[in-house]
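What follows is the residue order along each chain.
There are 2 protein chains.
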Amino acid sequence: MSREKQIDDADDAAAEREVREVHARFYAAMSALDIHEMMEVWLCAPTAVCVHPGREALVGFARILESWQQIFASAASMSVSAGEELIVIAADAAWVSCVETISITFGEEAISAAARATNIFRRTPEGRWRLIVHHASPIPARAAEEWPDVIN
Amino acid sequence: MSREKQIDDADDAAAEREVREVHARFYAAMSALDIHEMMEVWLCAPTAVCVHPGREALVGFARILESWQQIFASAASMSVSAGEELIVIAADAAWVSCVETISITFGEEAISAAARATNIFRRTPEGRWRLIVHHASPIPARAAEEWPDVIN
Numbered sequence: 451m452s453r454e455k456q457i458d459d460a461d462d463a464a465a466e467r468e469v470r471e472v473h474a475r476f477y478a479a480m481s482a483l484d485i486h487e488m489m490e491v492w493l494c495a496p497t498a499v500c501v502h503p504g505r506e507a508l509v510g511f512a513r514i515l516e517s518w519q520q521i522f523a524s525a526a527s528m529s530v531s532a533g534e535e536l537i538v539i540a541a542d543a544a545w546v547s548c549v550e551t552i553s554i555t556f557g558e559e560a561i562s563a564a565a566r567a568t569n570i571f572r573r574t575p576e577g578r579w580r581l582i583v584h585h586a587s588p589i590p591a592r593a594a595e596e597w598p599d600v601i602n
Numbered sequence: 451m452s453r454e455k456q457i458d459d460a461d462d463a464a465a466e467r468e469v470r471e472v473h474a475r476f477y478a479a480m481s482a483l484d485i486h487e488m489m490e491v492w493l494c495a496p497t498a499v500c501v502h503p504g505r506e507a508l509v510g511f512a513r514i515l516e517s518w519q520q521i522f523a524s525a526a527s528m529s530v531s532a533g534e535e536l537i538v539i540a541a542d543a544a545w546v547s548c549v550e551t552i553s554i555t556f557g558e559e560a561i562s563a564a565a566r567a568t569n570i571f572r573r574t575p576e577g578r579w580r581l582i583v584h585h586a587s588p589i590p591a592r593a594a595e596e597w598p599d600v601i602n
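Taken in order, these protein sequences are the chains called A and B. Each residue of the first sequence is one higher than the one before, counting from 451 in the numbering used here. Each residue of the second sequence is one higher than the one before, counting from 451 in the numbering used here.
It should be emphasised that the hints constitute simulated quantities derived from the structure, not laboratory data. Using N, Cα and C, we set each Cβ at its ideal position, and we do this for glycine too. There could be a bad hint or two in this list.
[As the list claims (entries may be wrong)] Computed Cβ-Cβ distance ranges for the label pairs, DEER-style:
| no. | chain 1 | residue 1 | chain 2 | residue 2 | range |
| --- | --- | --- | --- | --- | --- |
| 1 | A | E535 | B | I485 | 27 to 35 Å |
| 2 | A | D461 | B | A526 | 47 to 55 Å |
| 3 | A | S527 | B | G533 | 37 to 45 Å |
[To be verified] A few chain A positions that, by computed beta-carbon distances, are all more than 10 Å from chain B:
| no. | residue |
| --- | --- |
| 4 | V472 |
| 5 | S481 |
| 6 | D484 |
| 7 | A512 |
| 8 | A541 |
| 9 | D542 |
| 10 | G557 |
| 11 | R566 |
[Unchecked claim] Which residues of chain B face chain A? A few of them, derived with a C-beta cut under 7 Å, are:
| no. | residue |
| --- | --- |
| 12 | H486 |
| 13 | M489 |
| 14 | L493 |
| 15 | V538 |
| 16 | A543 |
| 17 | W545 |
| 18 | T551 |
| 19 | T555 |
| 20 | E558 |
| 21 | I561 |
| 22 | T568 |
| 23 | H585 |
Please work from the sequences and hints to get the whole structure.
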């Protein structure tokens, strides 16, 4: 293995750790209803895009932040965790494909759902990874017959 | 403006043209039900991800190609066009956020729908841009009262 390839691999491994970290911070910010953390996670850019499950796209940092403020103000509690993460690092860009497990309580109403998400990150000139695209869409509920036989 | 910045800008402009071109090829391949073109557009990678509107994710080039083959075999005709494209170039990665206008005929049944898509591309060592993530999700139908007053 060439020295250059080794450096590339080491940089990718470090980048992957950092992307996993900011990805976890994004979901922790949701679960903590913490708007300041949410603001830290996103890249402040007019090209930032956020698609909440089943909704139209929000474009631009200001509009996206406003929507998280509205969600956090309405939700009594919220727990969102990411699983089945598939991460790709491409120099100063990276993306994570994952499955979100969502529980939200609005007043008396509790919602449980699953969503597929594509999250794209950029590395800033200061070396910080920030979210620039979050696209989530509902995963259809599985019919009973689609579950593996072992569950029956 | 520095010479380096000028070169960066020129490279980005060329990259944007190339990404727009392969993006258009992706939608043209759908509308032509052309599996060979579809195969050319995608990056042959195990990390490729495709989410059709309202469906679960397909992971890996082989599985994705199989699904397009199934769609093309079932559809009598199909027209999908992309609009409202927002493009970001990040060196050898790029992504396009867009709205898809979809018309598909299966036998006697015709479906018209709109979807929001996030499409991520990578530039190969040979300098070709290839699709690595396609995530589409249905856009909710607008209620009559949500349309601008001018339409009434």
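Taking the minimum C-beta separation from A:S481 to chain B, is that value above 10 Å? Non-interface label stands for A:S481: nearest chain B Cβ at 23 Å, farther than 10 Å.
Quick one, is the B:L493 hint okay against chain A at 7 Å, beta carbons? violated (10 Å)
Hey, is A:D484 genuinely clear of chain B, shortest beta carbon separation above 10 Å? holds (25 Å)
Would the hint on B:T551 be counted as holding, given a Cβ-Cβ threshold of 7 Å to chain A? Violated - the Cβ of B:T551 stays beyond 7 Å from chain A, reaching only about 14 Å at its closest.
Minimum beta-carbon distance criterion (7 Å), B:I561 to chain A: violated (16 Å)
Is the Cβ of A:V472 farther than 10 Å from every Cβ of chain B? holds (16 Å)
With 37 to 45 Å as the target window, see if A:S527 and B:G533 comply at their CB atoms. Once the Cβ atoms are compared, 38 Å apart, the range 37 to 45 Å for B:G533 and A:S527 holds.
Compute the least Cβ-Cβ separation between A:A541 and chain B, then decide whether it is above 10 Å. The claim is violated: A:A541 sits with its nearest Cβ about 5 Å from chain B, within 10 Å.
Minimum C-beta separation from A:A512 to chain B exceeding 10 Å: can you confirm that? holds (16 Å)
The hint names B:A543 as touching chain A; please verify it with the least Cβ-Cβ distance against 7 Å. holds (4 Å)
Quick one, is the B:T568 hint okay against chain A at 7 Å, beta carbons? Since the shortest Cβ distance to chain A is 4 Å, the answer is holds.
Satisfaction of the B:H486 interface hint, Cβ to chain A closer than 7 Å: violated (26 Å)
In summary, the structure is inconsistent with hints 8, 9, 11, 12, 13, 14, 18, 19, 20 and 21 from the numbered list given earlier, while agreeing with the others.
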